[in-house]
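> Here are the chains, one letter per residue:
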Amino acid sequence: MAQSQALTRLVAKTKESNIRWHRYEGYLFIAPLIIGIVAFIFLPIAASLYMSFNTWDMVSPPELVGLKNYARLVSRDRLFWKVLGNTFRYAGWIIVPSVTFPLILAALLDRPIRLRYLYRLAFFLPLVTSVVAVGLMFRWLYDGEFGLINYVLSWVRIDGPNWLSDVFWAMPAVAMVTVWQGLGYNMVLYLAGLQGIPDHLYEAATIDGAGPLSRFFRITIPLLTPTMFFILIMSVIGTFQTFGLIYVMTQGGPINSTNVYIYYLWQMAFGSSKMGYASAMAWILAMVIFTITMIQVRLAKLWVHY
Amino acid sequence: MRAARVERVASLKQQELLANTVTHILLIVLGLAALAPFWWMISTSFKTEFEAFQIPPTWLPLEPTLEAYGDLFLDQPFGIFLYNSVKIAVLSVGGQLITSSLAAFAFARLDFPGKNVLFIIVLSTMMVPYAVTVIPLYIVMHRVGWVNTHLPLIVPAMLSSAYGTFLLRQFMFSLPVELEDAARIDGCNSFGIYRRIALPLMKPALATLGVFSFMASWNNFFGPFIFLDRKYLFTVQLGVALVQRQWYTSWPRLMAGSVVVTLPVLLVFLLLQRYFVRGISLTGIKG
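Line by line, the protein sequences give chains A and B. Residue 1123 in our numbering sits at position 268 of the first sequence, and the numbers go up by one each step. Residue 73 in our numbering sits at position 71 of the second sequence, and the numbers go up by one each step.
Among the clues, some could well be false.
Interface residues of chain B toward chain A, partial, derived using beta-carbon atoms under 10 Å [to be verified]: (1) G33; (2) T50; (3) T67; (4) L112; (5) K117; (6) I199; (7) L230; (8) Y234; (9) L235; (10) L256; (11) V261.
Hints are computed from structural coordinates only; laboratory data are not their basis. Ideal Cβ positions, reconstructed from N, Cα and C, are used throughout, including at glycine.
Next up, chain B with everything else stripped away, as it sits in the complex (with noise of 0.2 Å):
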């Protein structure tokens, strides 16, 4: 009887110790997948013109070089496209926290008439393709002499965020409304209360959608793409475009702009790693 059960518990731990070995293999099996693309792009990187070209390829530089690198900030001013993208990543980042904040907690705690129609009306405007809305827009900042500014990437994206507002609201319903009212009874203020109570609750979902913000407007590529054509307004995203286009194509270099491009967004992902999943989570689900 007992042999039986300690043999059963043996057989159990033996079928969880297999079904984890294969999930480890699977998984790194698919996670190596998913990034050796990336391992090709680093090491290419730092690969002479002529090592790339070698058959078979090598995994690793023979002779690792940084030459790529400075051929491409040579070749064009990436100083200038980073200062750029920094900038307006910066701006829009900044302008869209407020103006999204101030909204999401009008809608989630203050009284006003229209007010659901007037959110349903923000949601809507997730659903209208860019396509539609990017062709007239460009006529309007041709004619406001916006075109070749930065003005157009980062106005419409400080003022007209929906899904900013959406996540932000749906984080306020998660706060405590005791607080707040504690502070109106001491005669604190609407603006007050945004500012002293909500704004510091809402930090952790601030985070998110400063996260998700400066990686939109970072890897943003359509909207430089169409407003601007000088040299020297170009992000980094352009930049890199713009390597591509030259008449000879060197991948080691293309490659080391790729890597420049991904660097700073990588490194705001992987400092800000959490609050990015749960942005997912918590507006994606809800859609």
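If we strip away everything but chain A, and leave its shape as in the complex, we get (with noise of 0.2 Å):
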């Protein structure tokens, strides 16, 4: 006891010596990761803000215009509309099965069954693929003469359409593939959330006489709605950035059915040179994941139990 009690006082005396030398050494530590962060992101959300008020092609000066870049995106550029408007179709494709697969998936795998651990990585796999070899995989397995998904269609006697040429049809199947490589992950946090959940509240609902499908609606959902409130928020702000998956299935085509938000962009800025007003579009994506983020937290009080 007295030398434990001497022990602390030795550190605390040891820590006190050490406070004027070392009360700034932490800075020397964070550094590097600071100068990244400013370098990287803060000095480059300055600048897409300044020049979000400029028109630019990077060959002649930046010409300062104020707000007309972000009054002509609202205003009169019509492809905007339908690229936002494509934007929440695709999120609006997506979130309903990447909240539900899998929690399905969770709560088979929850259970201490065998194979559990090569069933979790057969999930795990589109995860760690890339979204140009899932892009690729894809385009030939919805190819509408010679891919599988037809294929497998016609088994039972449905025609299926050319998928990625269909101006319908094009939107739901890139969404899909989202959906598919979002499974692990979103099976991951439901695991985690499912440990969580103590055990005592399932065995005194099975005494009192509830069934399996009675406890899962009854005490797993509710308890794991902070996890799918998460999920939710992750797939919408994942859904409003994708680039990749579009550039290799679609190019945004057939019409722009597919063309989405950050490919307009990049066709803006890296296609037409139009600098200043894709930094326009860039702020005004960042304050749409923005509200719609505020308008989940608040919505999330009706819903999600903590």
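Dock chain to chain to rebuild the complex, using the hints, since each chain is given by itself in its own frame.
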């Protein structure tokens, strides 16, 4: 006891004598990170905001035009609205399946069954595969004539469309690829959530005569709502920033039906060299994401149990 | 009485058996659905051009051939693409591990003015959409002559990982402080404590971060796509996308390319799988 007190005092003293010297040494440790963050995130943010008030094609000098870029986007750029709408449609196709499918998987895998490890592995593979590989794989799977999907559909006498060149089907087809790729990630989040639910709740409910289904809907689901909320927010933020998959699978087509926000932004910035215009687009996107997240946080009070 | 109990136990066992069987059936169906695309990719990559367009499609290549792989490497310098990808990934990961662990150590263990505010600022950068920073970044890189070098893909990744700092800091909180205190009494300075005590204890978390950042770097498409347009600088991802843009779509060759870009991450993932899962649950839920 006395020994440990002496030790504590000694530690305190050593720390104290070091304080003058070492009060600022923490800065040395964080310096590389802070320099990186300032140089590669904060300065670009400031530059981007400034550029959004300019027109600039990277050849002639930039010209300050105030809010003109924003005004033009909102009032005169038809494609801008289409692309924004497409992005919402894309998110709309993704949200429900990416919240529900992984939940089913997690519920199945939460039980101590054999080969659990192998099953989990299967759902992880899509996650670690790059968008280029995934995009190509599915372009081939979705092929109208020779693709595997239409072949399997033909077993049940369904004549599948030419998915990626169909104005209606292209978007849901791309969205399902995103869902497929996110399965494993969201499943792990659910598994972590499931582990946090104490067993005694289930035991008590069983004693009170609750069956497996009502236990699932009355205990599991309500206690997983924070996880669902997190998945919802992350999925929306993710879908609003998709680029690679669209580039590889459809290039925004057919007739701009899968042209989503970042893809259009890229076309403006690197295709047409409208750097100011594209920067304004980036800021509108940031505001849209921020607003949606805030709305979700507000709505969460209605359905998320903390 | 006893018979009734025996019967009940038996029926419970039956129920469990039934539940397990149903679970397995569901999981097998879903698992196959998740894996079928990979099967199709691998199987196509070993087919001849002719067989790839056969109706009905063949599940297994009738005459397996390495032709597509040969063509892929003969047609484009895939050896160079692989080297570029490895180089970029190794340097980004290495740098990120050093920068993030240094900062995480300071945020978890040292006291300095403004610590909490600085940490919140660092965290807030995770919410900035990439679209906001990429255009100015491109312009700056253009000005300093870094476009068409690998530097824009390496240096920012090395120095600005808020995610890595967050993950390692969370992990540091779960480590005992006593060892570090003892070392301090013995006269070890902060850097010594970081280097000799914190860093070795952080190994599992460093492995987690390493796996994640390796995959992020290897699978990155947008970055290389924006900053590189000279072929000999391309990463494998750009290389495969390049094959796609050719006038003639050869599916066996494209699938062979997809297999080539997937194999390295797959190996890393299989070897370090447990770190991967822990990383998601460690940071994901805390969000």
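> Give a verdict on every hint.
Outcome of the hint check:
no.: 1; hint: G33; verdict: 4 Å, holds
no.: 2; hint: T50; verdict: 14 Å, violated
no.: 3; hint: T67; verdict: 18 Å, violated
no.: 4; hint: L112; verdict: 4 Å, holds
no.: 5; hint: K117; verdict: 7 Å, holds
no.: 6; hint: I199; verdict: 14 Å, violated
no.: 7; hint: L230; verdict: 12 Å, violated
no.: 8; hint: Y234; verdict: 19 Å, violated
no.: 9; hint: L235; verdict: 17 Å, violated
no.: 10; hint: L256; verdict: 5 Å, holds
no.: 11; hint: V261; verdict: 8 Å, holds
Hint compliance for this structure: hints 2, 3, 6, 7, 8 and 9 are broken, all remaining hints hold.
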